[in-house]
Every structure is written in C-alpha cells, then in structure tokens.
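On the provided structure of chain E, position chain C with the ligands as indicated by the hints.
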Amino acid sequence: MNNDNILLTCSGLRTYFYTDDGVVKAVDDVNFTIERGKTLGIVGESGCGKSVTSHSIMQLVPKPHGKISGGEIIYRGHDGEEVNIADLDPFGPKMRQIRGNEIAMIFQEPMTSLNPVYSIGDQIIESIRLHQKLNKKDAKARAIEMLKLVGIPAAELRVNEYPHQLSGGMRQRVMIAMALSCNPKLLIADEPTTALDVTIEAQILELMVDLQKKLGMSIMIITHDLGVVGELADDVAVMYAGKVVENAAVVDLFDRPLHPYTQGLLNSRPVIGNKKRLFSIPGNVPHLAHLPKGCPFAARCANAKDICLSEEPAVVDAGQGHSVRCWLHA
Amino acid sequence: MELVGLNAWQFNQYPHEFSGGQRQRVGIARALALNPDLIICDEPVSALDVSVQAQILNLLEDLQKKLNLTYLFIAHDLSVVEHISDRVMVMYLGKIVEIAKSEELYEQPLHPYTEALLKAIPASHPKNTRKRETLPGNLPDPSNPPGGCNFHLRCKYSTDLCAKEEPLLKELNGSDHSVACHYAETLSLDGFESSF
Ligand SMILES: Nc1ncnc2c1ncn2[C@@H]1O[C@H](COP(=O)(O)OP(=O)(O)OP(=O)(O)O)[C@@H](O)[C@H]1O
Ligand SMILES: [Mg+2]
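Protein chains in written order, with our numbering: chain E, 42 to 371; chain C, 99 to 294.
Just chain E, with the same shape it has in the complex (with noise of 0.2 Å):
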C-alpha cells in the first residue's frame, strides 16, 4: 500500500490505568491502520478497550492514572508531515491543534458532552472559534451552515435553542455538526447510533456517508453492532481483552472470519425468520488486570490447544491484508 493513502497508523499501542487492583491494560499492543477517505470499524466486547483507543488517539485518557505506555500514534497531516501522537504534551499547542481541527470525535454519550445552558448555536460557535481565527458573526454563519449539512431544519432558529429542546436523533446530528465544523482529516465516531431507532439510525449513517464524500474524510467508527459496520466500514479491526485479534477489510472478515471469537460474534447474531436458540459463546471476558497466561481468549475457545494456554499468539498474516492473532493459524 502506498504510505501516502494512510493517514493514521497505530503500532504497539499500549494504554494502562493503575489502579489499586493492579494495572489495567486496557489497550495492549494494538495495530491497525486508517487510510484516507476510508473508514475503520472497531467492534469488540464491552469493556475490550475500544473507547480507551480513541481517547488515546485524541491524547484525551484521564490522567493521573491512565497513561500512554507504550507504542506509537502516527499521523501524517496534509503537508505530508508526520507527528507522533503519543509523544505530544496532551495540552500543548500541537495537540491542541490537532484535536478539532484534524481529528474530531463524537462520544458514546452524547447527553454528556453537551452542555445543557448553553444554546446549541453557542456551543458549535465556541468550538469554532477555539480552533479557528473567526469573528464572531462568521462562526455563527458557519455553524447555522452546518447544522443545514447535517440536515437539521430551520437552522436559523434552532441555532437558539437549547439541548433539551431536542430529539435524540437531533442531538446526535448537533454532535456530528460539531465535530465537523472544523472539517477534520478523521472523526470518530463512538457509538453514534447505539440510543436510536433504526430508522433515525439509518439518517445518521447516511449523513456521515454523505459527509465523508463530500468531504473526502476517513471515519475510525466504534460499534458492537455488526449489520452497522458491514454497511459503513472498509476495514474491520476485531478487538478482544485489550488487543486487536483479527483485521481484514470488510467483505474478507464477513466471508472469511479466521478468529474464533469473530467467528462467535458473527454466529451469535439473531436472524430474522429464525427462532432457533441463539448460539453464545460460554464464559465471560477476564479482567483486564488479571489476563491469564497465554491467549486471553482461550478459555472460551472450543477450539483451544495447550499452546493456546501457555503462550501468547503473534499476529499472523493470512495473505488480502488479512491477519489474525491465533495459534490456530500460526
């Protein structure tokens, strides 16, 4: 793949909390790539460290016991120059720059994230004008703008109105206004949809299509729901207990999933007009403090070897930029 097509790569990452429990490695030595224009999905099971990737990406993991120990963020901006992300001073100028202006974020908790006194118009206008030199009668010009984009109706008036006065569908597009409205290189999305009904959900996937290609953005999209990423993603990277177990582009990890416990996201769906018992896989995740020797998912593997038990898996390429960390495949 030519260097230039990749926006973001993660090598190594690693990201721990230290806790009284003992140290949490929430996000342990994780790979992936983002490429331009593209979009990545991340699902994996609660708790598995999919938020903690983002945060770390927006140099936003809370502090003082979460730290980024080890790994490397690589970003290539417009000019071709690459800065390393994990090394960036959280609150410097650099990462100040970048987050907002190049990469954006709309959080699983939208509720959160807005303030509920200040009317939505303030709150775009101040992100605006946070990262980019505008007065004030062009930021709001451009935030009415992009509340429009993301099809928000009479935005001249709702511009005024406050977080409460909206729907949760309404909500979220503010969100997706915000993050954009400094058109970044990235959003990510965590969970954007997961409080909607499908048909509103359906809205906002389309909106951030559409936005991506008028945009030509890539999109890092965090979701447990498959039938989302299979829509939306080119890539799929499969997160388990800190790590990322499987990555393929999309087609390839729907037709060929080589991790057993992709194969048991993928077999536990429910299909309509099926009412057989559903399959599940046994057991439950370990903790992130406590990982047991060898692979962490290896006591709910049907499938499992002594190895398996013993020693940790290395990736392993399976060829179509495909790989898996399985001793199945070594």
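Since the hints were made in silico from the structure, they are not lab data. Computed from a predicted model, the values in this text were never measured in an experiment. Heads up, the beta-carbon is just placed ideally off N, CA and C, and yes, glycines get one too. Keep in mind that a hint or two might mislead.
[Said to hold, decoys possible] Have a look at the derived ranges for each label pair, beta carbon to beta carbon:
1. K268(C) <-> N46(E): 57 to 63 Å
2. N344(E) <-> K225(C): 24 to 30 Å
3. V124(C) <-> L350(E): 26 to 32 Å
4. K225(C) <-> G360(E): 17 to 23 Å
5. D135(C) <-> N142(E): 56 to 62 Å
Coordinates of chain C with the ligands only, in the frame set by chain E:
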C-alpha cells in the same frame, strides 16, 4: 443467582466488579426474586455486544419455559424483537399503530411506519447492497403532535384525509392483527426481505 448463571460466591461483590452482561444477569435475578408472572424488560440487551446479548436472550427464553413467565420486551433492534417475541406491538409518538403475531408483522406489515422500520434494518452481509430506506423528516414534538394521523407528515402514502382525521386502532377481519391506518385495507406494503 445460580438460576441466572451467576456463582453464589459473587453474592458479596459490588456492581462495578461485574461485566455488563453479568450486571444484566443481576438485574434479572432481582426481578425474579419476587416470583413474578410478568416481567417488563426495557431495552435489556441494547448496551451489550452480540455475544453477551445471545447469552442473555437464551437465559430469558430458558427462564420463560422453566417458570412460565410472560415478558413485555421493549427494544430498538428489530432482529432481537423478532427473535424473542410471540406478538409485536409498534408504537409511534405515544400511540399504538400496529399489533400482530411476530411472523405476520414482519411478513405482512399493515402500517406504513412498520414498513419503514423493516426497510431500515441493516443488511446482514456487506455484499448485500439492499439500500436502507430512510424516512424523511424527524419525529414530531410529542407535546405538539401534528393533526390527524401522527405519522402523516412522514408517510409517503398520506392523503388529505390523513391530515384531518385520526385513524383508530382496529382489528382486521378477526385476524388478531390490529392497525391504526385509514388505508390499512387498500395499501399493499412490503414485508422484511433478506437477500442473504
Ligand atoms: N479511568 C479508568 N480507570 C480504570 N480502568 C478503566 C478506566 N477507563 C476504562 N477502564 C478500563 O479499561 C477497559 C477498556 O474500557 P473501554 O471504555 O475502552 O471499553 P469499550 O471497549 O469502549 O467498552 P464499551 O463497549 O462498553 O463502551 C475496561 O476494562 C475498563 O474497565
Ligand atoms: Mg466504549
């Protein structure tokens, strides 16, 4: 606790020490402790990933058989609803718009909103290019609903009658299938089609 697949030694653990799926099991154990006949499950799996979701849905089905329970199951995910339900009720803006046996509702919806929901279900494989249809407009303000049928502003079949008169929920020829639409008997709507 053992009934819901937890261990007795976990009795003294605190909520933050459980995973999302385990916490959901605790919630089910708490509901069962009172020996109810009916359990209302409000979005019991929507925060869970599919593998944990499958565990909880199987558990709910096992308990239903063992204890002869009735569930009122509220959810967004239409494949989950179809899997768990015998009958399905669709609501729009605080009103019931359709009730039917699960298979019938998915195969032969009679309300345009139900049809729209079924068309918005994501495809199960990325090669399936069935495009999700989206509804125009937004959910109207519940405190200030539009006149007539609540759905008429977003409905592609609506007529003047729909703007004027509110349709009542009525059963269609003794079929155990009720719908609130002026044109339920004349429209021919599409059911769910999966091409993979
Ligand atoms: N501030 C913190 N202190 C200690 N541990 C934390 C902290 N934040 C997250 N963790 C732990 O890091 C792990 C990864 O959390 P993360 O929020 O990334 O999960 P996730 O994959 O986004 O899950 P979900 O699907 O539920 O959103 C979890 O085990 C969590 O308990
Ligand atoms: Mg998360």
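Flag every earlier hint the structure violates by its number, smallest first. Violated: none.
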